[in-house]
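Novice: With these hints in hand, go ahead and build the complete structure from the sequences.
Sequence order for the protein chains is A and B. At position 13 of the first sequence (counting the first as 1) the number is 13 in the numbering used here, and the numbers step up by one without a gap. At position 162 of the second sequence (counting the first as 1) the number is 162 in the numbering used here, and the numbers step up by one without a gap.
FYI, nobody ran anything at the bench for these hints, they're computed from the structure. All C-beta atoms in this analysis are idealised placements derived from N, C-alpha and C, irrespective of residue type, glycine included. Since no wrong hints were added, every one of them can be taken at face value.
Restricting the straight-line Cα-Cα distance to at most 20 Å, the calculated cross-link-like pairs of lysine to aspartate or glutamate (EDC-like) are:
id: 1; chain 1: B; residue 1: K585; chain 2: A; residue 2: E4
id: 2; chain 1: A; residue 1: K5; chain 2: B; residue 2: E579
id: 3; chain 1: B; residue 1: K244; chain 2: A; residue 2: D50
id: 4; chain 1: A; residue 1: K13; chain 2: B; residue 2: E579
id: 5; chain 1: B; residue 1: K273; chain 2: A; residue 2: E85
id: 6; chain 1: B; residue 1: K100; chain 2: A; residue 2: E86
id: 7; chain 1: B; residue 1: K585; chain 2: A; residue 2: E86
What follows is a list of derived Cβ distance ranges for each label pair:
id: 8; chain 1: A; residue 1: W73; chain 2: B; residue 2: D322; range: 46 to 56 Å
id: 9; chain 1: B; residue 1: G371; chain 2: A; residue 2: F70; range: 58 to 68 Å
id: 10; chain 1: A; residue 1: G43; chain 2: B; residue 2: T529; range: 40 to 50 Å
id: 11; chain 1: A; residue 1: R17; chain 2: B; residue 2: R572; range: 23 to 33 Å
id: 12; chain 1: A; residue 1: W73; chain 2: B; residue 2: K244; range: 26 to 36 Å
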Amino acid sequence: MADEKSNAEAYWKANVRLITGCLIVWALVSYGCAILLRPLLSGIPVGGTDLGFWFAQQGSILTFIGLIFFYAWKMNQLDKQYGLEE
Amino acid sequence: MSQFAINILFVGASFALYIGIAIWAKAGSTKDFYVAGGGVHPITNGMAIGADWMSAASFISMAGLIAAGGYANPTFLMGWTGGYVLLALLLAPYLRKFGKFTVPEFIGDRFYSRTARMVAVVCLIVASLTYVIGQMAGAGVAFSRFLEVDATTGLLIAAVVVFFYSVLGGMKGITYTQVAQYIVLIIAYTIPAVFISLELTGNPLPPLGLFSDHSASGQPLLAKLNEVVTALGFDAYTAMVDNKLNMVLFTLSLMIGTAGLPHVIMRFFTVPKVADARWSAGWALVFIGLLYLTAPAVASMARLNLMTTIYPDMAGQVENYDAAATNPIAYSERPDWIRTWEETGLITFEDKNNDGNIQFYNNSADFSERGWQGNELTVNNDILVLANPEIANLPSWVIGLIAAGGLAAALSTAAGLLLAISSAISHDLIKGAINPNITERGELKAARISMSVAILVATYLGANPPGFAAQVVALAFGIAAASLFPVLMMGIFSKRVNNKGAIAGMLSGLTFTLVYIFVYKGWFFIPGTNNLADTPDNWVLGISPLSIGAVGAIINFAVAYLVSKSSEEPPREIQELVESVRYPKGAGGAVNH
Numbered sequence: 001m002a003d004e005k006s007n008a009e010a011y012w013k014a015n016v017r018l019i020t021g022c023l024i025v026w027a028l029v030s031y032g033c034a035i036l037l038r039p040l041l042s043g044i045p046v047g048g049t050d051l052g053f054w055f056a057q058q059g060s061i062l063t064f065i066g067l068i069f070f071y072a073w074k075m076n077q078l079d080k081q082y083g084l085e086e
Numbered sequence: 001m002s003q004f005a006i007n008i009l010f011v012g013a014s015f016a017l018y019i020g021i022a023i024w025a026k027a028g029s030t031k032d033f034y035v036a037g038g039g040v041h042p043i044t045n046g047m048a049i050g051a052d053w054m055s056a057a058s059f060i061s062m063a064g065l066i067a068a069g070g071y072a073n074p075t076f077l078m079g080w081t082g083g084y085v086l087l088a089l090l091l092a093p094y095l096r097k098f099g100k101f102t103v104p105e106f107i108g109d110r111f112y113s114r115t116a117r118m119v120a121v122v123c124l125i126v127a128s129l130t131y132v133i134g135q136m137a138g139a140g141v142a143f144s145r146f147l148e149v150d151a152t153t154g155l156l157i158a159a160v161v162v163f164f165y166s167v168l169g170g171m172k173g174i175t176y177t178q179v180a181q182y183i184v185l186i187i188a189y190t191i192p193a194v195f196i197s198l199e200l201t202g203n204p205l206p207p208l209g210l211f212s213d214h215s216a217s218g219q220p221l222l223a224k225l226n227e228v229v230t231a232l233g234f235d236a237y238t239a240m241v242d243n244k245l246n247m248v249l250f251t252l253s254l255m256i257g258t259a260g261l262p263h264v265i266m267r268f269f270t271v272p273k274v275a276d277a278r279w280s281a282g283w284a285l286v287f288i289g290l291l292y293l294t295a296p297a298v299a300s301m302a303r304l305n306l307m308t309t310i311y312p313d314m315a316g317q318v319e320n321y322d323a324a325a326t327n328p329i330a331y332s333e334r335p336d337w338i339r340t341w342e343e344t345g346l347i348t349f350e351d352k353n354n355d356g357n358i359q360f361y362n363n364s365a366d367f368s369e370r371g372w373q374g375n376e377l378t379v380n381n382d383i384l385v386l387a388n389p390e391i392a393n394l395p396s397w398v399i400g401l402i403a404a405g406g407l408a409a410a411l412s413t414a415a416g417l418l419l420a421i422s423s424a425i426s427h428d429l430i431k432g433a434i435n436p437n438i439t440e441r442g443e444l445k446a447a448r449i450s451m452s453v454a455i456l457v458a459t460y461l462g463a464n465p466p467g468f469a470a471q472v473v474a475l476a477f478g479i480a481a482a483s484l485f486p487v488l489m490m491g492i493f494s495k496r497v498n499n500k501g502a503i504a505g506m507l508s509g510l511t512f513t514l515v516y517i518f519v520y521k522g523w524f525f526i527p528g529t530n531n532l533a534d535t536p537d538n539w540v541l542g543i544s545p546l547s548i549g550a551v552g553a554i555i556n557f558a559v560a561y562l563v564s565k566s567s568e569e570p571p572r573e574i575q576e577l578v579e580s581v582r583y584p585k586g587a588g589g590a591v592n593h
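Specialist: Set out below in structure tokens:
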């Protein structure tokens with residue numbers, strides 16, 4: 001019983017770590033690259049404008065899609081690893 | 001065949017398809033009605049979420065908004081997609097594991113409080129009703145433009161179709177019609193975009209075309225667009241925005257608002273497993289992304305097309321943009337599509353200096369040295385998508401497709417919202433509070449009756465929109481962000497937040513947000529009752545009322561935490577409930593108890 005409990009706790013900790021990592025990337029591409037850091041990235045040209053503009057119009061959406069699939073894939077691994085899958 | 005006949009054919013065929021699906025997917029139990037039986041495949045669900053999510057506003061208005069604002073308006077693109085990351089990581093899998101039918105039900109159980117559940121019901125109904133009025137009104141307008149009936153008749157036809165498949169099939173009927181509607185709307189959106197991208201850049205993929213060279217001038221498309229619009233006194237399309245705080249908060253409000261909207265969350269209850277909830281969020285964003293990656297391309301290309309239609313000298317290679325910008329076309333030589341859309345009032349022309357030419361420029365710029373006495377052409381933002389096929393000279397069946405697509409976008413979102421409202425009434429209000437002993441058959445009947453009433457109310461308000469209907473972004477997203485999202489997240493990620501904390505958090509976040517909105521937009525949106533003019537100089541720290549939901553959410557989190565900390569821990573069984581939603585094992589289907 002104690003093992004089961006610590007196993008579940010370890011699973012939850014791993015999940016929260018994974019979520020934190022993903023949300024850092026999420027914030028970095030949208031609030032970072034597309035808005036706050038755009039002036040810093042203005043030296044990198046992309047199709048007639050700069051990288052920050054690309055992140056605002058496309059890059060962040062593409063990253064979001066990648067993030068969700070990465071998280072879903074990684075969580076499936078964690079579910080199995082900790083024996084908590086359905 | 002006339003354009004009218006083609007439009008009737010496309011819209012009629014799509015409606016026949018939706019009704020056919022409704023008959024096939026009739027709901028036999030409350031489980032069918034609320035969660036489509038709980039066996040929807042994650043890809044199917046992703047597609048249904050796409051249609052559920054993308055409203056008349058995404059389909060018709062978003063590209064126009066981006067075209068008008070350029071870089072200043074990507075908040076909509078990021079805000080309305082970034083919320084899915086929050087859903088997938090923070091809410092959807094756990095709420096699916098919880099395995100009940102509605103969002104207020106989770107709040108009520110987790111915070112062991114009927115009050116909390118009722119506050120959630122009220123927030124849900126206000127947010128969803130505001131949202132659905134816009135959809136119904138949008139459907140009416142689409143009808144009147146493409147099918148030559150008046151808007152009220154159009155609205156009634158739309159209501160009858162929605163009535164048919166949502167009352168009969170509930171979530172089950174809505175799921176499969178939404179899949180069909182997604183396919184209709186995405187085809188309708190992308191076909192004209194592909195043609196316009198080919199014409200302007202030679203690249204058949206609009207998102208790539210956006211960052212390619214403009215064929216006629218050899219310059220990058222966006223560089224070309226910047227030159228054209230600045231020569232006419234507009235801000236550069238890709239110009240930086242100074243008020244970054246407001247931009248960040250606006251994007252954040254839209255993101256957490258998206259994640260907190262019950263009609264979207266509910267769709268995640270329909271998949272068989274917790275893992276499927278995660279996958280379907282990913283698929284949803286793929287399907288939504290197809291439109292959201294196309295929209296900014298449509299925006300910039302349509303804007304360039306519009307400018308060079310009025311100023312043909314600017315179309316090809318240009319030596320001197322300022323010189324080219326002095327020579328607009330004569331009103332008598334305007335293209336046919338301008339004539340067509342003038343009839344709808346969405347494009348208007350007023351020859352202020354009586355020279356017979358169309359001076360189209362930023363009205364706040366001073367071009368009096370050119371003999372111009374003000375901007376003469378007013379173009380409604382919605383034109384860019386609606387008139388896209390005509391601007392790009394596409395065959396008339398594409399226009400029929402746009403009509404069917406716009407209606408699909410409006411109806412699919414309306415149905416999802418109506419289901420959220422009716423299940424809150426039949427499941428949370430009637431079964432949860434008024435008559436807990438209601439039978440399964442009785443509840444199904446109650447669900448159908450409340451759905452019918454919700455449709456009647458939405459139809460009436462769609463025909464006679466109250467002042468608040470125009471405030472979807474402020475009201476629906478503000479409420480979802482400030483009240484629902486924080487308590488849902490705390491309910492999962494904290495075992496310590498208790499009933500008192502949740503109620504205090506929801507009420508303070510909600511009150512703060514609504515008061516801030518009312519101060520600038522009028523109390524209960526009654527014109528003239530605002531305390532301060534809704535202009536950037538009056539906003540606290542430059543934060544617009546549309547962006548305040550994010551601040552409301554922070555207040556909700558802080559109050560809930562402090563109040564919980566200073567009162568007793570939640571009971572043992574509630575802490576166990578929180579544990580159980582965290583682990584996928586043993587989810588089973590969504591159940592009714």
